[in-house]
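**Student:** Those sequence lines, one after another, are chains A and B.
The opening residue of the first sequence carries number 1 in full-length UniProt numbering; numbering runs sequentially from there.
The opening residue of the second sequence carries number 1 in full-length UniProt numbering; numbering runs sequentially from there.
Be careful, since some hints might not be right.
[What the hints assert, rightly or not] With a straight-line Cα cutoff of 25 Å, these simulated DMTMM-like cross-link-like pairs (lysine to aspartate or glutamate) come out:
{"id": "1", "chain 1": "A", "residue 1": "236", "chain 2": "A", "residue 2": "223"}
{"id": "2", "chain 1": "B", "residue 1": "188", "chain 2": "B", "residue 2": "202"}
{"id": "3", "chain 1": "A", "residue 1": "323", "chain 2": "B", "residue 2": "122"}
{"id": "4", "chain 1": "B", "residue 1": "170", "chain 2": "A", "residue 2": "132"}
{"id": "5", "chain 1": "A", "residue 1": "323", "chain 2": "B", "residue 2": "132"}
{"id": "6", "chain 1": "A", "residue 1": "236", "chain 2": "B", "residue 2": "82"}
{"id": "7", "chain 1": "A", "residue 1": "236", "chain 2": "B", "residue 2": "66"}
{"id": "8", "chain 1": "A", "residue 1": "236", "chain 2": "B", "residue 2": "111"}
{"id": "9", "chain 1": "A", "residue 1": "323", "chain 2": "B", "residue 2": "93"}
{"id": "10", "chain 1": "A", "residue 1": "48", "chain 2": "A", "residue 2": "132"}
{"id": "11", "chain 1": "B", "residue 1": "170", "chain 2": "A", "residue 2": "223"}
{"id": "12", "chain 1": "A", "residue 1": "236", "chain 2": "B", "residue 2": "132"}
{"id": "13", "chain 1": "A", "residue 1": "326", "chain 2": "B", "residue 2": "132"}
{"id": "14", "chain 1": "A", "residue 1": "236", "chain 2": "B", "residue 2": "202"}
{"id": "15", "chain 1": "A", "residue 1": "236", "chain 2": "B", "residue 2": "76"}
{"id": "16", "chain 1": "B", "residue 1": "116", "chain 2": "B", "residue 2": "132"}
{"id": "17", "chain 1": "B", "residue 1": "114", "chain 2": "A", "residue 2": "126"}
These are computed hints drawn from the structure, not numbers from a lab.
Predicted model, so just to flag it, every value in this text is computed and none were measured.
Listed here are the chains, written in short residue letters.
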Amino acid sequence: MSDAQTSLGHPRALGTAAQTTKSRFSPTQLWRWTAGPAWLLAALVTWKWPDADDFPATNEFAALLLAVGLVLIAVAATGRLKDRAPWTVVLGLGFGAWELIQAKLLLLPRPFFGTPQDLLDVFLTDWKRLGDSLFHSLLLLTGGYLPGSILGIIIGLALGRSHHVRYWVRPVMRVIGPLPPVALLPLAFVVIPSTRWAGEALMALAAGFPVAVLTWSGVSAVDPAYYDVARTMGAKNRFLVLRVALPAATPQIFVGLFMGLGASFAMLVVAEMLGVKSGLGFYMQWAQGWAAYPNMYAALFVMSLMCTTLMTVLFKVRDHLLKWQKDGLKW
Amino acid sequence: MVNSTHPEAPLGLTLSHIHHSYDMPSGSRLVLENVSLDVEPGEFVALIGPSGCGKSTLLRLVAGLEAPDAGTLLADDTPITEPDPSRIIMFQDPTLYPWRTVRGNISLGLDIRKEKDPEAIDAAIRLVGLQEFAAAWPHQLSGGMAQRVALARALINNPRLLLLDEPLGKLDSLTRLAMQAELYRLWKSQGFTALMVTHDIEEALLLATRVIVFSPRPARILANIPLEWPSPPHREDPRLQELRAEILRHLEAVMASG
């Protein structure tokens, strides 16, 4: 992937250099130098324009905007802010607009729509509980997704390589697999003594099914000549499964791992909202119960950050393992 | 030379009364009918015949990838019951593993037998002239280069018998000429018996010491033509034209009657 980046980055870098020599006020330059001022403008609005109500942390929010604005100006001066400059400008103006619409003019109904400083206040005062919830969510997710994925790969390999396993396991998978794991939650809470274990078991099921099916499909698609080549050199079944079938099926396995991760996220939130007494889902449920909407938004923000980070990590792992492929989707 | 450290004698083959058939949806289909063939150690035998006649099946049986329905296969008087690194098969497609680099593909046989021998890998890469591509991925190679990697991957096992299933069939004509010369050079220098399936009569006549002509399916041996050139023949040699006509006569006779 790094190759692709440099080969993509190269012509663009050339283009920028050419534009710089032609005129000093190219669009790229304009975006770069507006990024910092946009945030400074948002800071000024937040600080000077009086609040419509008694909101917490207004000055802290203004200080945050100011700090980001100054950092952006510094970064622009070193010449680094390039691709992300337009987004940075729009984000700064967006925060300014949000501040203006809700904190200064109160155009949207409260308390469903919060102000930026409400949100910031939650992070400043309740960060301990948010962090703790994040930690518990990650723990629950790992306890379900990891074993589920590993089991899925093993079952998929067995399905792809053994007639006996296919005969006995396929009908079971066809009955249980397409059922949304959420539907099993009430049953799982009754049958499994700990709600934690119940959540983990269902997450493992949610991840394991797509991983198993796609591993199986990947193994089935392996060119039989790949096995012949290894066999003629003396390879036995262990080598054929682990060093031929498994790497050949890796692209498909990762499709399953991505689908499984998405399904696990869904299962995680539902399990935390309905039974498990910790985690971000539980926090959100609790915040909604107390009509603490800023807390709910804060938890939503943390959850989105968690999901996208985990997806990114999985993409990085995939790009590393599949660097032999000609091309791939970039996250 | 890959096997200079452990020289091994080329393998002789004795195939007697081989019958083989495949299960098809329409029933059993006979592909080999009473095939008997002796190959002396160090020979280069070319198998020629109409496509789909069962020559490739014969190679799979000799490689030990499949067992015949009836008949015996002996490699130096030992029955062939399973694949063995001394009998390596090379296919029409290079069948390189896309997740291994050129170097990783060539070392496949060593990895399977858990041997570590970086020098042998280097030697095999040099043997086919791919030093600059050792770290390349298979999708970055041309057809000819990929087939040379497959050749090096086969030769690193020090095969005593090389089974070639139309190894040059999919190459363009220029690459094909270069690879023919390469195969000939390697057979001369590496000391292995070669059994090659081909559809190219000229290729068979130029490379082989003996040409076996097969009938359409089920394959029977129609002719066994030893070639004894005092010196390597030239492509324009009139004797080549005569032999070519003779082989075509055999094939046309059986095609017309069948």
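**Student:** If a hint holds in the structure, say so; if it doesn't, say that too.
**Tutor:** Status of each hint after checking the structure:
no. : hint             : verdict
1   : 236/A with 223/A : holds (17 Å)
2   : 188/B with 202/B : holds (19 Å)
3   : 323/A with 122/B : holds (23 Å)
4   : 170/B with 132/A : violated (62 Å)
5   : 323/A with 132/B : holds (20 Å)
6   : 236/A with 82/B  : holds (11 Å)
7   : 236/A with 66/B  : holds (15 Å)
8   : 236/A with 111/B : holds (12 Å)
9   : 323/A with 93/B  : holds (23 Å)
10  : 48/A with 132/A  : violated (36 Å)
11  : 170/B with 223/A : holds (18 Å)
12  : 236/A with 132/B : violated (32 Å)
13  : 326/A with 132/B : holds (20 Å)
14  : 236/A with 202/B : violated (39 Å)
15  : 236/A with 76/B  : holds (24 Å)
16  : 116/B with 132/B : holds (22 Å)
17  : 114/B with 126/A : violated (57 Å)
Hints 4, 10, 12, 14 and 17 from the list above are not met by this structure, while the remaining hints are.
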